[in-house]
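Modelling step: build the complete structure from the supplied sequences, incorporating the hints.
Listed in order, the protein sequences are those of chains A and B. If you read the first sequence in the working numbering, its first letter stands for residue 1, the second for the next number, and so on. If you read the second sequence in the working numbering, its first letter stands for residue 1001, the second for the next number, and so on.
If you anchor each label on the Cβ, the simulated ranges turn out as follows: (1) B:PHE1056 / A:GLU218: 41 to 49 Å; (2) A:GLU131 / B:GLY1041: 38 to 46 Å; (3) A:GLU131 / B:PHE1056: 29 to 37 Å; (4) A:GLU218 / B:VAL1127: 55 to 63 Å; (5) A:GLN588 / B:GLY1041: 14 to 22 Å; (6) A:GLU77 / B:GLY1026: 52 to 60 Å; (7) A:GLU140 / B:VAL1127: 40 to 48 Å; (8) A:ARG73 / B:GLY1041: 30 to 38 Å; (9) B:VAL1127 / A:ALA138: 38 to 46 Å.
Okay, the calculated bits of chain A under chain B, using three or more residues with CB under 8 Å as the criterion: (10) 165-177; (11) 184-198.
Quick caveat, the hints were computed from the structure, so don't treat them as lab data. Bear in mind that the values here come from a model prediction, so they are computed numbers and not experimental data. Note that the Cβ used here is the ideal one computed from N, Cα and C, for glycine as well.
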Amino acid sequence: MGDTATTVTIKVNGQQLNAPQGANLLEVLKAAGFPVPTLCYLEGLPGIGACRLCLVEIAGVPKLQTACTTTVRAGMEVYTHSPRVRESRRQVLQLILGDHPDDCLFCQRSGDCELQALAREYGVRQRAYEEMLRSFPADESSPALTYNPDKCVLCQRCVRVCSEVQEVNAISLTRRGIKTKVSPPFDLPWAESGCTFCGQCTNVCPTGALTERDATAEVWEALGDSERTVVAQIAPAVRVTMGEAWAAERGLDAGAVPPDFSERIVAGLKALGFHAVFDTQFSADLTIMEETHEFVERLKEGERLPIFTSCCPAWVRFLELYFPEQVEHLSSCKSPQGMLGAVLKTYYAQKIGVDPARLTVVSIMPCTAKKYEATRPELGREGRPDVDIVLTSRELKRLMEQAGIDPGKLAPQPFDSPLGDSSGAAAIFGASGGVAEAALRTAYYLISGKEPAPLEFEAVRGWNDLRRAAIEIDGKTVRCAVVSGLAGARRLLESGEYKEYDFVEVMACPGGCVNGGGQLRPAEKAAYGVHAQKRAAGLYAIDRQKPVRTSHHNPAVERLYADFLGAPGSVVAHHLLHTSYRPQDAYQLVATGSREG
Amino acid sequence: MATVVTQVKSKPSIIVLLQEVQERYGYLPREEVARCAQEAGISVAQAYGVASFYNFFKLSKPGKYPIRVCSGTACHVQGGQALLERLRSELGIEPGETTPDGLFSLETVACLGACSMSPAMVVGNDVYGRVTTREIPRILMKYRRKR
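Have a look at this one:
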């Protein structure tokens, strides 16, 4: 990208501006307070000039140029909003709208759509060209996400996130001209493709083309059924994104609300008619008890090391599809969502005297892959899923809005006890490195009989996609690797480097669940990082405020073991809290178009 | 395929690999597209993106009797489009597709060189000229009986 060390002077809309020579013009304009519109640009990736909306006028250059593919040169004179530029952008918008349906009123993204916002900004009030819809059928094969080609503007953000950020390469642009669409190879249904359901594509889609599969209607149906008892569980990362969005909508700084917005969410869900609201952080503590027990056993026996964390369903699916031979390294533990589902459908249903068939468990997750996870037959009993409905953070917000409930205005309510009590170790499950740290706090205790001091394992925290740490416990070294994003996971596995560790944590989304594929899209489009780091900081703050900060000292977890489960790794615990996996070769899957076994 | 791959030195082009496959099989079987992708060092999704971009590449196995409908100027003027429409509805497939029983595939061609017989079409190796839509079911039946 040229020599970024040299600062040069350019002129933007008549104003002098200093910028690094060779810098991306679109970035420079944005930083200078002259943002140009874009539908295809993704921070952190090179511009591709696909959407043509960032056109700017440059003195001496006859044609308008796309800012995202233009680099800063000394002395350049740029006009970002001249009449010619504005008219050209309007034309581009009109062309994009030429094959875009007019059903904004009924679209999931209405009010949150980048195309809609631009049409408004550029005063598009009627069609310039006759509507010519492509009328492709929508792909609704996956329980996690849906793709509606008619609403796709072919910006390629999804394709690039999938290939350049996640390096999963499940989708590409296919066909040509008016028939172009995004699809898995051979037009396989998404559910049967190499897609891991991480949902990062739904985070970046500017329109309603790629979205989470909305399940709010199912929740309303369950809530309206007097025969059903409806309970909820909320994942760690959800509470920080909800607080952040609530503050942002009111023009408040994120610091204006406490990082733990969970008690407001609980109040909102109770107002909607939920019978009880539990905390997935409770079962995160339970996961740590089971997983660390398994880890310490395997470490002692030197068996199938390293252990891979199994909380992240997109990671599990990635491994099953692309590295079937390494599946044996996965912890047999269900994810916290799965564990709480199982406990609710057995222990809790029994305790409140409700037929499990009439208990509806709704989990609220930062994640699209959790929707898929809940449909895995291993995570159910007697043909019924343990978790009936999974909502993403985005759907939770929608659900509250549909009821006219402003959670920020309600009196906070605590989670229901005891399945709502959690430690600080569970809160940090939502950030990359958090599961490893929570496990280390407990492993340290299990191995040495002492509490670690300090409790924080700074070495596993951070933002790199691959972090390595060696932790001394009782004279033994536990070698850990923490991976954030599937590209890092592929690297670790392909290079064979994973063999050098005892414990490997992987979260499929860059930065962890705080940046999950079902999280609220931040108003300020930022690269993977900024908003996720703020959310993670919120989780670490919640950890510090908790009276109990280790899973093994969570009294509610201790009680569940005493009353019901016995001990970590017991027969009952194994039956309820552990699972199995189905390795299958993605290459075979894609090449033959059918699942193996 | 191994010979094809060795012919192409470092970084074989996906297009060349796909062309070789099509030459051999008459279309692009999935397994071969997946293998070409591996050889070219790209993802299967990308390889499919390329294969589906070019009309030249056939993604489904041709039928036992490929049907080629002429869409050249003379045939177009004489109602070639109506023939195509009738074939689509009779066979239940789009151009580029093959019937589930593998008997027929459908495609359009720019000119068969039989303009004097327009509208024209070819079924298998048989040329049909001045075809009317009403004749279509009878023509298809002939081949269905032959199978």
